[in-house]
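Asker: Each chain, letter by letter, is given below.
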Amino acid sequence: MHSDPEFISRVATPLGFYYLILCALNWGAAALLWRRGAKTFFHVPLPGRRNGNGHAAAVAVDAHGATNGNGAIAITDVLVWLAVGFAFFILAPLAMIGEPLELPSAVKQTVNELSGPVTLALGSLVVFAIFFVFRRFFTQPIVAWVFLNLALLVMGMSMTDPNFTSIVAKPDNVPIVGLVFLLGFFTWLATYKAVVNDDRIARGLPPVEKEDSEKVLVWPDLVYTELICMIALTAFLLVWGIGLQAPLEEPSSSVKTPNPSKAPWYFLGLQEMLVYYDPWMAGVVLPSVVLLGLMAIPYLDFNRKGCGYYTISERKFAYLIFQFGFLELWVILILLGTFLRGPNWNFFGPFETWDAHKVLALNNINLSEIFWIKGLDQSLPKAPPNSSALREIAYILVREAPGIILVGAYFVVLPPIMAATIFRKFFVKMGFIRFMLMANLLLLMGALPLKMVARWTINLKYFIAIPEYFLNF
Amino acid sequence: MSLGESIRNSQLWKSVFRHPMPLDRRNRIVVMLTNFFLHLHPVSIKKQGIGLSYTWCMGGVTFFLFLVETVTGVLLMFYYRPTLEWAYNDILALRDVTSLGIMRELHRWGAHAMVITTWLHMYRVFLTGSYKPPREFNWVVGVILLLLTLLLSFTGYLLPWDQLAIWAITVGSNMARATPVLGHEGPFAKLLTVDGIPMITNGSDARFLTIGARFVGEETLNRFYVLHCIGIPLAVALLLAIHFWRVRKDGGISGPL
Numbered sequence: 071m072h073s074d075p076e077f078i079s080r081v082a083t084p085l086g087f088y089y090l091i092l093c094a095l096n097w098g099a100a101a102l103l104w105r106r107g108a109k110t111f112f113h114v115p116l117p118g119r120r121n122g123n124g125h126a127a128a129v130a131v132d133a134h135g136a137t138n139g140n141g142a143i144a145i146t147d148v149l150v151w152l153a154v155g156f157a158f159f160i161l162a163p164l165a166m167i168g169e170p171l172e173l174p175s176a177v178k179q180t181v182n183e184l185s186g187p188v189t190l191a192l193g194s195l196v197v198f199a200i201f202f203v204f205r206r207f208f209t210q211p212i213v214a215w216v217f218l219n220l221a222l223l224v225m226g227m228s229m230t231d232p233n234f235t236s237i238v239a240k241p242d243n244v245p246i247v248g249l250v251f252l253l254g255f256f257t258w259l260a261t262y263k264a265v266v267n268d269d270r271i272a273r274g275l276p277p278v279e280k281e282d283s284e285k286v287l288v289w290p291d292l293v294y295t296e297l298i299c300m301i302a303l304t305a306f307l308l309v310w311g312i313g314l315q316a317p318l319e320e321p322s323s324s325v326k327t328p329n330p331s332k333a334p335w336y337f338l339g340l341q342e343m344l345v346y347y348d349p350w351m352a353g354v355v356l357p358s359v360v361l362l363g364l365m366a367i368p369y370l371d372f373n374r375k376g377c378g379y380y381t382i383s384e385r386k387f388a389y390l391i392f393q394f395g396f397l398e399l400w401v402i403l404i405l406l407g408t409f410l411r412g413p414n415w416n417f418f419g420p421f422e423t424w425d426a427h428k429v430l431a432l433n434n435i436n437l438s439e440i441f442w443i444k445g446l447d448q449s450l451p452k453a454p455p456n457s458s459a460l461r462e463i464a465y466i467l468v469r470e471a472p473g474i475i476l477v478g479a480y481f482v483v484l485p486p487i488m489a490a491t492i493f494r495k496f497f498v499k500m501g502f503i504r505f506m507l508m509a510n511l512l513l514l515m516g517a518l519p520l521k522m523v524a525r526w527t528i529n530l531k532y533f534i535a536i537p538e539y540f541l542n543f
Numbered sequence: 024m025s026l027g028e029s030i031r032n033s034q035l036w037k038s039v040f041r042h043p044m045p046l047d048r049r050n051r052i053v054v055m056l057t058n059f060f061l062h063l064h065p066v067s068i069k070k071q072g073i074g075l076s077y078t079w080c081m082g083g084v085t086f087f088l089f090l091v092e093t094v095t096g097v098l099l100m101f102y103y104r105p106t107l108e109w110a111y112n113d114i115l116a117l118r119d120v121t122s123l124g125i126m127r128e129l130h131r132w133g134a135h136a137m138v139i140t141t142w143l144h145m146y147r148v149f150l151t152g153s154y155k156p157p158r159e160f161n162w163v164v165g166v167i168l169l170l171l172t173l174l175l176s177f178t179g180y181l182l183p184w185d186q187l188a189i190w191a192i193t194v195g196s197n198m199a200r201a202t203p204v205l206g207h208e209g210p211f212a213k214l215l216t217v218d219g220i221p222m223i224t225n226g227s228d229a230r231f232l233t234i235g236a237r238f239v240g241e242e243t244l245n246r247f248y249v250l251h252c253i254g255i256p257l258a259v260a261l262l263l264a265i266h267f268w269r270v271r272k273d274g275g276i277s278g279p280l
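Chains as they are written, first to last, in this note's numbering: chain C, 71 to 543; chain S, 24 to 280.
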């Protein structure tokens with residue numbers, strides 16, 4: 071059954087401990103809930119012990135999840151997480167003896183075939199949208215806990231795949247796995263608190279944070295928290311440092327280019343943008359715009375509400391724009407660039423072997439070619455030989471006119487239209503300069519997904535292609 | 024008089040700590056005002072402002088990681104020589120021979136963690152709207168600190184001088200070639216041509232400035248080493264001071280009005 075017994079034997083022990091930790095997590099949760107008082111979901115009647123009316127007697131909630139003496143077991147949250155923990159407890163020794171729970175190869179193959187830049191980008195967007203719209207449901211602690219358990223289980227099952235593990239367990243990639251779970255947790259926490267606050271605000275109450283405006287002394291209340299954080303962090307770093315050796319590859323060689331050559335992981339979103347943009351955009355202009363845009367946020371956001379507490383409803387626009395930029399355009403692209411881009415920057419599914427000889431057809435064409443050759447059925451305008459530099463530039467401008475007009479309209483014509491229509495209120499409140507800055511930042515940010523979609527649908531390479539002057543957009 | 028008491032009553036002790044143990048309310052206030060390290064904090068604070076579920080403690084964790092990086096970094100500097108001859112071998116020795124070679128692990132994982140906690144700190148600050156007036160400028164300082172954190176990590180990435188290092192830096196610094204006007208493969212660079220001689224070449228452009236040579240080599244190693252150990256940390260330290268000072272001056276940690 072195992073694809074690679076030698077590999078399985080190598081991951082057996084770590085996986086066993088991994089499942090033990092998951093077991094401890096769930097039992098810890100059960101213990102916490104038990105102390106708080108268990109919540110009963112429903113009762114299961116015991117066979118053969120029915121009361122006179124012929125159906126199980128549902129009686130008072132038994133806080134300890136035991137039988138209540140009247141012939142029914144109360145199924146409580148404590149019991150459920152004890153059982154889930156027990157399931158992980160069973161999985162641990164199975165993994166240790168080399169029989170770990172694995173993903174069926176049919177599932178792995180389907181995932182590989184389905185995954186790609188398009189599915190990943192659009193899929194994550196859809197998932198984020200669902201999470202956002204139904205945030206009231208997804209932020210319930212029990213739902214979030216189910217999702218965490220599922221994610222960790224799938225992660226454990228995937229670790230039995232050599233291709234998956236070789237990427238995820240690469241020492242420099244381990245922090246990114248941590249980042250995914252940390253972001254998941256903190257996004258849940260922030261959304262949970264925002265949902266609670268939004269409910270209170272809707273009922274005319276102040277946010278929860280306001281309730282605790284009583285003052286306490288920094289010594290001991292804050293300094294002790296800081297001390298404990300420092301000690302915990304030091305311990306964590308020591309365990310990490312002992313458990314995982316820092317990577318050191320072969321000595322550098324300027325003639326042996328590794329394939330793929332990747333920038334440090336936090337720049338891989340930018341490297342992924344190189345698929346869609348030339349280096350001057352992906353490596354210089356867009357990063358600078360990201361930094362400038364971040365710095366501009368406090369001066370563009372004229373909404374005075376939502377300062378000092380978690381809320382979504384009071385600042386939906388700012389919230390959505392930021393989440394789209396951070397989670398979708400920054401983090402998802404980093405994950406894509408780190409885990410799913412292999413040799414020659416080709417896309418590989420999570421369970422796919424990184425084959426350096428994988429060949430993908432690249433038949434991207436420029437907008438000018440679409441316009442002149444496909445549309446008007448004539449060759450690209452080209453200056454006659456030995457023309458002057460100015461004449462050549464004139465011909466280039468004619469050749470690229472469709473793209474120049476389109477891009478020009480996007481950045482010049484759209485902002486006034488936005489100001490007059492959907493962003494009318496914004497324009498009134500922000501004034502000309504601030505509005506134009508915001509509109510152009512938004513349009514620059516939107517240019518990336520638009521370019522992606524154009525690439526996926528019509529194989530568009532560049533809107534404007536002037537390789538003579540390294541000016542491709 | 025017990026030993027502890029006599030120590031606490033000695034002239035030496037009293038010259039260092041100018042107040043009794045912070046056991047009662049008065050001394051708990053005094054200690055915050057008279058201790059150099061503690062006076063970064065206010066004396067009292069709103070209860071919600073120190074709740075972990077509100078702050079995530081991410082700013083503090085990032086600062087602590089910066090201190091960890093400084094301490095482990097200084098220790099690593101004792102063992103590491105930034106030359107083509109020694110750089111790789113010194114790292115190898117740190118792994119195989121040197122006692123406390125785990126400093127390298129702490130330094131590297133601490134660095135990755137610091138990038139992540141910086142992002143999480145900014146995430147929290149955004150989600151609580153804490154960049155809003157009067158804290159706009161401190162957010163700007165924070166964004167610069169984000170950039171410096173990334174540059175610290177990027178410059179340090181080169182120092183082990185293995186394949187991972189030089190190719191990551193090569194990929195990263197190649198971007199500078201395409202800087203508009205100032206990169207020799209960037210848009211409009213051709214405009215800077217005097218008498219038919221291009222001013223922006225691979226020996227004079229933004230990439231050359233970044234790595235000190237036409238390709239990642241010994242000049243780059245030296246340049247990145249100095250930036251990593253001296254230049255950027257100094258800038259970070261200065262901006263951190265401003266960042267913390269502004270937190271206090273802008274009204275302390277954010278909270279609902």
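These are calculated hints, taken from the structure and not from any lab test.
The model shown is predicted, which means the values in this text are computed figures rather than measured ones.
Cβ atoms here follow ideal geometry from the backbone N, Cα and C, with glycine treated the same way.
Hints should not be assumed to be uniformly reliable.
Claimed, not checked - Here are the computed distance ranges between Cβ atoms for each label pair: (1) C:Gly248 to S:Gly275: 29 to 35 Å; (2) C:Gly248 to S:Val249: 41 to 47 Å; (3) S:Asp218 to C:Gly254: 57 to 63 Å.
Stated by the list, open to error - Which residues of chain C face chain S? A few of them, derived with a C-beta cut under 7 Å, are: (4) Val309; (5) Gly313; (6) Asn329; (7) Pro330.
Asker: Run the structure past the numbered hints and jot down the numbers of the failing ones, going up.
Answerer: 2, 4, 5, 6 and 7
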